[in-house]
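Engineer: If you want the building blocks of each chain, they are given just below.
There are 2 protein chains.
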Amino acid sequence: MKLSDLITPVALIDVKRMQQNIDRMQSQTNRLGVAFRPHVKTSKCVEVTQAQVQAGARGITVSTLKEAEQFFDAGVHDILYAVGIAGNKLPQAAALLSKGCDLKILTDSVPSAQAIVDFANAKGLVFKVLIEIDTDDHRSGIKPDAASLLNVAKVLADGGMAIHGVMTHAGSSYDLNTPESLANMAEQERSGCVHAAERLRAAGFACPVVSVGSTPTALAARSLDGVTEVRAGVYVFFDLVMHNVGVCDIEDIALSVLTTVIGHQEEKGWAIVDAGWMAMSRDRGTQKQTTDYGYGQVCDESGNALKGYVISGANQEHGIISRAGEPDLDIVKRFPVGTQLRVLPNHACATGAQFPEYQALAATGAVTTWSRFYGW
Amino acid sequence: MKLSDLITPVALIDVKRMQQNIDRMQSQTNRLGVAFRPHVKTSKCVEVTQAQVQAGARGITVSTLKEAEQFFDAGVHDILYAVGIAGNKLPQAAALLSKGCDLKILTDSVPSAQAIVDFANAKGLVFKVLIEIDTDDHRSGIKPDAASLLNVAKVLADGGMAIHGVMTHAGSSYDLNTPESLANMAEQERSGCVHAAERLRAAGFACPVVSVGSTPTALAARSLDGVTEVRAGVYVFFDLVMHNVGVCDIEDIALSVLTTVIGHQEEKGWAIVDAGWMAMSRDRGTQKQTTDYGYGQVCDESGNALKGYVISGANQEHGIISRAGEPDLDIVKRFPVGTQLRVLPNHACATGAQFPEYQALAATGAVTTWSRFYGW
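Order-wise, the sequence lines are chains W and V.
Residue 376 is where the first sequence ends in the UniProt record's numbering, and the numbering goes up by one at each step.
Residue 376 is where the second sequence ends in the UniProt record's numbering, and the numbering goes up by one at each step.
There's no promise every hint is true.
Identical copies look the same in the list; a pair holds intra-copy or inter-copy alike.
Stated by the list, open to error - Below, computed lysine-lysine pairings styled on DSS-like, alpha-carbon distance capped at 25 Å:
{"hint": "1", "residue 1": "Lys143", "residue 2": "Lys268"}
{"hint": "2", "residue 1": "Lys89", "residue 2": "Lys66"}
{"hint": "3", "residue 1": "Lys154", "residue 2": "Lys143"}
{"hint": "4", "residue 1": "Lys123", "residue 2": "Lys2"}
Source of the hints: derived by calculation from the structure; they are not laboratory data.
Turn these sequences into a full structure, and let the hints steer you where they fit.
Structural biologist: Next up, the structure:
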């Protein structure tokens, strides 16, 4: 199959770029002397995850139990479900354990820990549980110094659960854009999580795992003393948000949407394409960053970025391509009806999720279909 | 099955509200004396579409040829593909014709019309083609007075295609929010499209169909003289954007996301739920409207809106619920871990698209799974 055979819109993976991204992150975590556990929520694709495992990943991170089920069925056993578990999902988690999955679950409160204990005790199970630590004030987790850390550990230990360790995610690193601020955030993430682990150990609890990570902090970290594993997800494809954060070049972005020009509004300098928000997603992650790429950076059919051309507006199945600043009044000649273009996404996790499958484009030009899943 | 049996997040349809929305739109178009052709891109669900057809819809509108294929297989024959067709999709359209589908396609330029003619002539086919008219300057289409309207018609007629009519969509009605401005936009949409039809007829071309519509203009129209059919999509569920536009009450919104509280940040007044942007979508359509609902309006488990509580932040599988204005420092007691809530979406088309299935909640409390599809 060739690119020109594809019916647009298509989620295209540049396999060479993807492999370079995988190798870069694996080298970084090897250099820092920690295990790497990729977050597969970005791709939800077996072939992509296999490439990460082959490069040296030890286990995976998931954002849904459906991901855990799908990747366990595909042969991955060591799985961390990195979202505080809701009580209604405990039977699903138990079913994975009973099939032999080495699943770890997460909590950050006494009521949630108690729900885990009550369910597990009623079923005669032991869950491996990590305690979520809040090192950057952006979402869930217990502050490293908070009293509730030991309360949660006590509920788990008294209830017979295996305290597997502590986990944090400095997602606010996405708001930064200098090497120094990223390195500082990586250190804040590391030191906070290690401190929480030390408090648990000092109080007599086991805490074998200290798990940290986000794509920006994983790449910016200068030392990870006390950390046992790093997690990162979007690095596998990268995207325009990550480019604005400063951790990848435009030429590293491995996911794009192949689209076709279907019309124009010549006097406005618009080309209309068949990639609207259903294909690109509604993610406008670059809106508040240094460079706003609209709904995506336009590239030619070969993937070379066409500076200044973005999808500036999107309806469900229509994208409007225009040039930033002065309208391009030669747009009809530049991008005639039928022209194929690639568009780099703001956020690879969100754009990938719009597609039932990727088309994997090898350096040879060959195209292979890789399926992906969605839902819960 | 009951609500409490469901593993969250879940896309929930309130079937009674949906049926009321369907009946309202069908009554409105009946009253105006035009056929109604619902846009099924909103639901991509056979059961929802069947309810629209049973209420009196004549044919359907689709945004992708996959929708055409799926609904043709489900028994719908009269289908309008309402996006200017890319050349690479013509074989797919031809395959539908050959199976007996009464498919209509769309163009708005000479090159696109020529591509249709060239393909059809090579295959010995005749497509029914509508010409897209731009009545509100927001996206695709030919201006009602533009010379190219007759040029496109000539290419189609000379090439042996069946000119089926003209079609317009005043999508900029989404930017309005008063009855008068909506009625004016409906009249602008009507008069522009009818004028284009009259120009075609005066030049000797057939133009049996004059198709207009968007949910706001369809509901606001006072007369549709010269129009033969109306299209609308999101009315079937409605959403917060449509509420801000002023065409539905909060209590009319038939789609919500059922979610579970998984944690808190008590001192910030946050409850964390398992509906992040993967469930709600990244659509922030109310951001620039009168009332910004964040990623959605929070309701109790029974669907009663909890004024002031919205999903104010969202990561992939985490939503942050907070109260607008002053933080709710009683949030832990108000929404304990395990609490189920419903969240009304900004944009039903985008939120629905995140789910492989809906759970249809009948007035009796019974829950039935309705599958939906995605992709192209």
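Engineer: Could you tell me which of the numbered hints above are not met by this structure, giving the numbers in increasing order?
Structural biologist: As far as the earlier hints go, not one is violated by this structure.
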